[in-house]
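Asker: Protein chains in written order, with the numbering used here: chain A, 871 to 1321; chain B, 871 to 1321; chain C, 871 to 1321.
Careful: at least some of the hints might be erroneous.
It does not matter which identical chain is meant; a pair holds if it fits inside one copy or across any two.
[Said to hold, decoys possible] In silico DMTMM-like links for lysine to aspartate or glutamate, alpha-carbon gap of 20 Å or less:
no.	residue 1	residue 2
1	K1244	D1186
2	K1000	D1279
3	K1251	D1286
4	K1251	E1013
5	K1292	E1121
Source of the hints: derived by calculation from the structure; they are not laboratory data.
These are the residues of each chain, in order.
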Amino acid sequence: MTTPRDAAVDLRRAVDSLDEHGLGAQMHAAVRELYPICRSITGEGLRRSLRILQRIAPLELREVPTGTQVFDWTVPKEWTFRSARLIGPDGEVVLDAARLNLHVLNYSAPFKGRVPLEELQEHLHSLPDKPALVPYRTSYYQEAWGFCLSEEQRRRLRPGEYQVEIDTALADGSLTYGELVVPGKQLDEVLVSTHCCHPSLANDNCAGMVMCATLAAMLGGMKPRFTYRFLFVPGTIGAIAWLALNQERGERIAHGLVAACAGDAGRLTYKRSRRGSAEIDRAAVHVLAHCGQDHGIREFVPYGYDERQYCSPGFDLPVGSLTRTPYGEYPEYHTSADDPGLVKAEKLVDTLRRYLEVFEVLEGNRAYLNLSPKCEPQLGKRGLYRSVGAQSHAVADQMAMLWVLNLSDGTRSLLDVAERSKLAFNEVLRAARALEGAGLLRPLAALGGGR
Amino acid sequence: MTTPRDAAVDLRRAVDSLDEHGLGAQMHAAVRELYPICRSITGEGLRRSLRILQRIAPLELREVPTGTQVFDWTVPKEWTFRSARLIGPDGEVVLDAARLNLHVLNYSAPFKGRVPLEELQEHLHSLPDKPALVPYRTSYYQEAWGFCLSEEQRRRLRPGEYQVEIDTALADGSLTYGELVVPGKQLDEVLVSTHCCHPSLANDNCAGMVMCATLAAMLGGMKPRFTYRFLFVPGTIGAIAWLALNQERGERIAHGLVAACAGDAGRLTYKRSRRGSAEIDRAAVHVLAHCGQDHGIREFVPYGYDERQYCSPGFDLPVGSLTRTPYGEYPEYHTSADDPGLVKAEKLVDTLRRYLEVFEVLEGNRAYLNLSPKCEPQLGKRGLYRSVGAQSHAVADQMAMLWVLNLSDGTRSLLDVAERSKLAFNEVLRAARALEGAGLLRPLAALGGGR
Amino acid sequence: MTTPRDAAVDLRRAVDSLDEHGLGAQMHAAVRELYPICRSITGEGLRRSLRILQRIAPLELREVPTGTQVFDWTVPKEWTFRSARLIGPDGEVVLDAARLNLHVLNYSAPFKGRVPLEELQEHLHSLPDKPALVPYRTSYYQEAWGFCLSEEQRRRLRPGEYQVEIDTALADGSLTYGELVVPGKQLDEVLVSTHCCHPSLANDNCAGMVMCATLAAMLGGMKPRFTYRFLFVPGTIGAIAWLALNQERGERIAHGLVAACAGDAGRLTYKRSRRGSAEIDRAAVHVLAHCGQDHGIREFVPYGYDERQYCSPGFDLPVGSLTRTPYGEYPEYHTSADDPGLVKAEKLVDTLRRYLEVFEVLEGNRAYLNLSPKCEPQLGKRGLYRSVGAQSHAVADQMAMLWVLNLSDGTRSLLDVAERSKLAFNEVLRAARALEGAGLLRPLAALGGGR
């Protein structure tokens, strides 16, 4: 009989046998391949990127036509980017998006013409407090043209007429996103969502895209209890479009994570869902508490990545966000310094490992009923307890068994047991299995898992 | 259309335009005028003091006749104080209440006669551990005569016969209190109660009396949502009398504050109501948390000022107490050192400001409903969001709007939003108004405000 | 009329008049008398020990026959211990349980024969990290023979053949436990349970046995509100047997404590029941908070003494454990160093005192109703309040009365009042009695006390 617990076993095995070196190198190579592509919330760069991810996991590309109404928003015209150059008064090429695609204001309208420096200034974006870095800036919903450049570059601009050559197009087309579903034994879903609209920013979010695709590939080989849905969506509008067009599926989301910033050297950080202590929140907090590393736990705020949409009050889905250094908190964030050197192969693997461990908790968590609830059962006669008594401390798995027996009164799940006992979830799960094997415990359908 | 939010706007404007210097001088002058009057829980000194406050705000004087039964208490005989002198063996005037009215035991029975020092001692009150200060002592409900003097004065008393000349009277009359009602759009009331029975003690409570009268005058020019009731009552018996004679009005008290010790140099302190987290408690704690100064928050204890009565279990009204240094905690408390020099003009204004800010929260607090609850509405197209995106941090009012939208699911008030977001209430209120103006938010009648 | 509060008065009197010196000496003498007896979970040593306790309090001995099924367990064969000696290759007596009964593996099967050192090693138990101490080890449910010895002794064993002479017997008989019931006015019970199966270990648990017998004797002279049941049971199997054979009595347990380690020099420690904040938990935590000494509070864990059984999920009784240094946390624990020198006479009395104080709380705790709930009643006219007013601080019993009046709204017990006011329970109880005497308060039947 295949029981729903198998995926938890598979996930533990996957975690314990992660080939940190090989897998890390492979993921980092994919990050480097994605990095130079000029992505945006629509367009060919986005499609090309998703197709690269298809080599890791069989995600499908979906198209939502321009003009589609998605709640309060409208899918915009599709952006085509060909080239963008700024040529100085003496004819020299000052900026060329072919060298760094951040130079073009993302979603810039096309423009060709001569502009004096004073007028040009209004179309330039730089960072006075980080003078060596080129910022990432967008203008999705207000037609504008522009360039991004370093403050140092800007200061070197001499007066005179500049030739602007922005060869882009805004025309009817569609918004593209990637989707991959790993079917589970239950219809309830675990959502993993990551944004794929940022151009040359390696940690934010080539890293997240690659990690999610790798996760999807690993889960594809298991038979999980939950159905896992991976979404690779352009930020904000992509998540809104998916939610608008898949409302009945959204209702099935039992747990969810927004993935981003998956590869920098900073500590792991979990940002709670709006609900604050949903099972996904407790699972992620538990995994980080036992990860043996410094880590951060944040309360929900209505800012950041697409948890903003999943956690809007009309949905209020149990979706948190597991990242390394959070949104906006590393100095390279949304600048040209977020390049592949910022992403560490071993950190990509570490982030992946924690996602797998969170899934292990979700898969394995359920409530059990102690079938011998009056006094302790005699574990010794079942070979579950050492025979020589009176030693001061119970060994770890005996303690785990005693905790599971004591708390399995039908109102508590294994995650409750792990939280109260401060034992790691997988020790508790192992104890539950041993006790179930000895006929002392019975899983309950109703509690734990699901919502 | 005049909406109920107008008073919150008026209050913010009043706070932002407080004439600290002029108003402080004016309030301090009133404190100095009240200070020398010999007040008690009944009598002419009390009436004279209330009439001085009438020059600030149009409070009305009410009389409750001697012998009126008010719950477990009886309104006592009215005390008339004319003079009190103690003349030494050599004929010199040792104590004269005309110089400092604390010298007479407050509510002292009349007495005239010669008394040897040993017998006199039983009628003297001094403070061995504060030898230079004259204490304030009362004997309201047990007829007694006596003097208060400094320990130093007491030690200088030589043996011999002393002439006691206490010219007071205890006779049928009435207990007087002041009352001022600022009518609001709702019948629910905000109670502000202050005691006015203490004789020459400047901070306790000439300061509170003047601050409350000034508050009442300022509110008089607004059209608040709540009805504001200001009570200037003799301590304990006055509050009990009001509660006994106004039971149905007491039931309308939605929020209340007991004001006292409003002008010393110490930090602001809020003492919670017996309920502990009533809206008034949350409003006051919020205002102090954002006041930018050191401050104190105290749990309720059944001791202190008239919150003892308002928070008795038969009423359990949501009445806290906002003071500077609390009851009994400054060394000058209930002694001759509590003189006008202890009261600072700028502190009177600072205390007043915090009361106005608490009223702003009470007036402005209500629940709203996000009318576009599925995903975020597109603020940009309504001019509520900057157009160039991807900058790291939302500016403050964008954050306030996002918080209001995210939490306005009908179960939370703006104060809830302020508490959770850690933003100041008036930023949240401003955001709610902007969103309401854009048609994205609708105020709910049922929640927030009221009880 | 004898009211249910009498026992609380008697207990306070008992606490205040404890003859620390005499009683401590008496208890310590009993510990020394019990110490050398070779006890186990069955057998004559256990019976002899209980008969010694009968000289302190009239407990009754009960027998449960071998083979009785008690939940998942079976009462084992009775163990008879006569002697156990290990004789070396040269004929010298290496170990003799007559000198220290820890030397025989407790419940050792009989064995007589010659064994080479290598084979003998498998039957020896020592503590490599505490080389001078002999451990206490048992083998109740798996037939085995063995010796316990110090690591130093073990290292001195020379190769060769050893003569093993373990003269014990395992045969049908019974398990013995002691029981004493002090009848109360109510059928609800307070359980005090202590284990009496350990051989020569003075603190664990001759001390607990003696303290419980002394407590039982003291309570015997009172007329408590609750029925007090004292159990002197072999660990685990004894508690399980009692619970299995007395299920309807178990349901009447309103509060309970497991006593152990009652005499070491360490601080008092309370381990909460599985419920965590049952009345017994709150009472014990309150008593320790006011004991004026360093102390520890522990959360429930399903390990330790017989609270494991009382708090199993099928019972979930409100049973905590009040000890000095907890289970397994002192270096002498379960070794030959737990001898009468480890037990201090004054600590035995101190532990006893805290048990009496916990009983005082349980006996005295109930809810009262303030009969004058609107505003404060006038305490002064009833002689309960000083007449000269305006002093800064209320004296302690006035504060206690104000707290009791303020919180006695029918929903709170005196323990609630003590917790919130931070006053000692007996001050609160005294205030409640004074107010009841003045007709201001009425005890409520329904709340507080019982479950």
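Asker: Does each hint fit the structure? Answer for all of them.
Answerer: Hints and how they fare:
Within a single copy, K1244 and D1186 get their C-alpha atoms only as close as 41 Å, which misses the 20 Å cut-off; across copies the closest is 9 Å, which meets it. Neither within a single protomer nor between protomers do K1000 and D1279 lie at most 20 Å apart by alpha-carbon distance, with minima of 58 Å and 40 Å respectively. Taking identical chains as interchangeable, the C-alpha atoms of K1251 and D1286 are never at most 20 Å apart, the minima being 28 Å within one chain and 46 Å between chains. Taking identical chains as interchangeable, the C-alpha atoms of K1251 and E1013 lie at most 20 Å apart only when they sit on different chains, with a minimum of 12 Å there against 77 Å within one chain.
Taking the shortest alpha-carbon separations for K1292 and E1121, neither the intra-copy value of 32 Å nor the inter-copy value of 31 Å comes in at or below 20 Å.
Checked against the numbered hints given earlier, this structure breaks hints 2, 3, 5; the rest are met.
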